[in-house]
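Number of protein chains: 2
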Amino acid sequence: MRTLYHPSLNEMNLSTVLYALSDQIRLDIVKSLDENGEESCSAMEIPIPNSTLSHHYKVLRESGVTRTRLEGTQRLISLRYDDLNSRFPGVLPAVLQGLKNKKSPKSNA
Amino acid sequence: MRTLYHPSLNEMNLSTVLYALSDQIRLDIVKSLDENGEESCSAMEIPIPNSTLSHHYKVLRESGVTRTRLEGTQRLISLRYDDLNSRFPGVLPAVLQGLKNKKSPKSNA
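Residue numbers (UniProt numbering), protein chains in the order written: chain A, 1 to 109; chain B, 1 to 109.
Keep in mind the hints are simulated off the structure, nothing from the lab. Check before you lean on any hint, since a few could be wrong.
Listed below are the simulated DMTMM-like cross-link pairs for lysine to aspartate or glutamate, each with C-alpha atoms no more than 25 angstroms apart in a straight line [unchecked claim]:
| # | chain 1 | residue 1 | chain 2 | residue 2 |
| --- | --- | --- | --- | --- |
| 1 | A | LYS31 | B | ASP83 |
| 2 | A | LYS100 | B | GLU45 |
| 3 | A | LYS100 | B | GLU11 |
| 4 | B | LYS100 | A | GLU45 |
| 5 | A | LYS58 | B | ASP23 |
| 6 | B | LYS100 | A | ASP28 |
| 7 | B | LYS100 | A | ASP83 |
In this text, all values refer to a predicted model and were calculated from it rather than measured experimentally.
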């Protein structure tokens, strides 16, 4: 069976994790996984070509942000929330909060 | 006098800020500014060519992570800690903490 690479906690690198989170499509994927839990690649409604989407899933997985589980012909993806939060405490929660507060209040302009 | 672009709070974008923080050299600059406060470009001891360094300063400034102040022939750079923390609460503190904990404990391997 094919094995997909996932970094251990020690292999996770802060700049690599931040790079994985620095793209709006990848942030949309992370937000969806946070809200819905484990999802199959095909279930996520992200309107971009499959090949581009596969690239984004790979960047997320290889940085340690997500885990991909093969089940039959399906790829099931989940956030490695606890792993990331143990390795870089507070980074993922703050980013997820930032996604919720995406629209800045006009009063703070 | 030449004016350097700095985004307002409303113009700051999460993925752009995370991209600015996703490079090891830029993280080294951010760490140095956090530890030493405002610094002149020339005082920071980062062993890369000036042209490359200028590019990194620009990425940091245009994302909203740093402020550049011109004083005579000097460029003085500081972290926009409060601005960033008001726009994306917790992101910069968590990243700075992650830089301090860079070496992961062996016991967590």
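Against the structure, the hints come out as follows:
| no. | hint | result |
| --- | --- | --- |
| 1 | A:LYS31 / B:ASP83 | holds, 24 angstroms |
| 2 | A:LYS100 / B:GLU45 | violated, 38 angstroms |
| 3 | A:LYS100 / B:GLU11 | holds, 16 angstroms |
| 4 | B:LYS100 / A:GLU45 | violated, 38 angstroms |
| 5 | A:LYS58 / B:ASP23 | holds, 19 angstroms |
| 6 | B:LYS100 / A:ASP28 | violated, 29 angstroms |
| 7 | B:LYS100 / A:ASP83 | holds, 18 angstroms |
The earlier numbered hints that this structure contradicts are 2, 4, 6.
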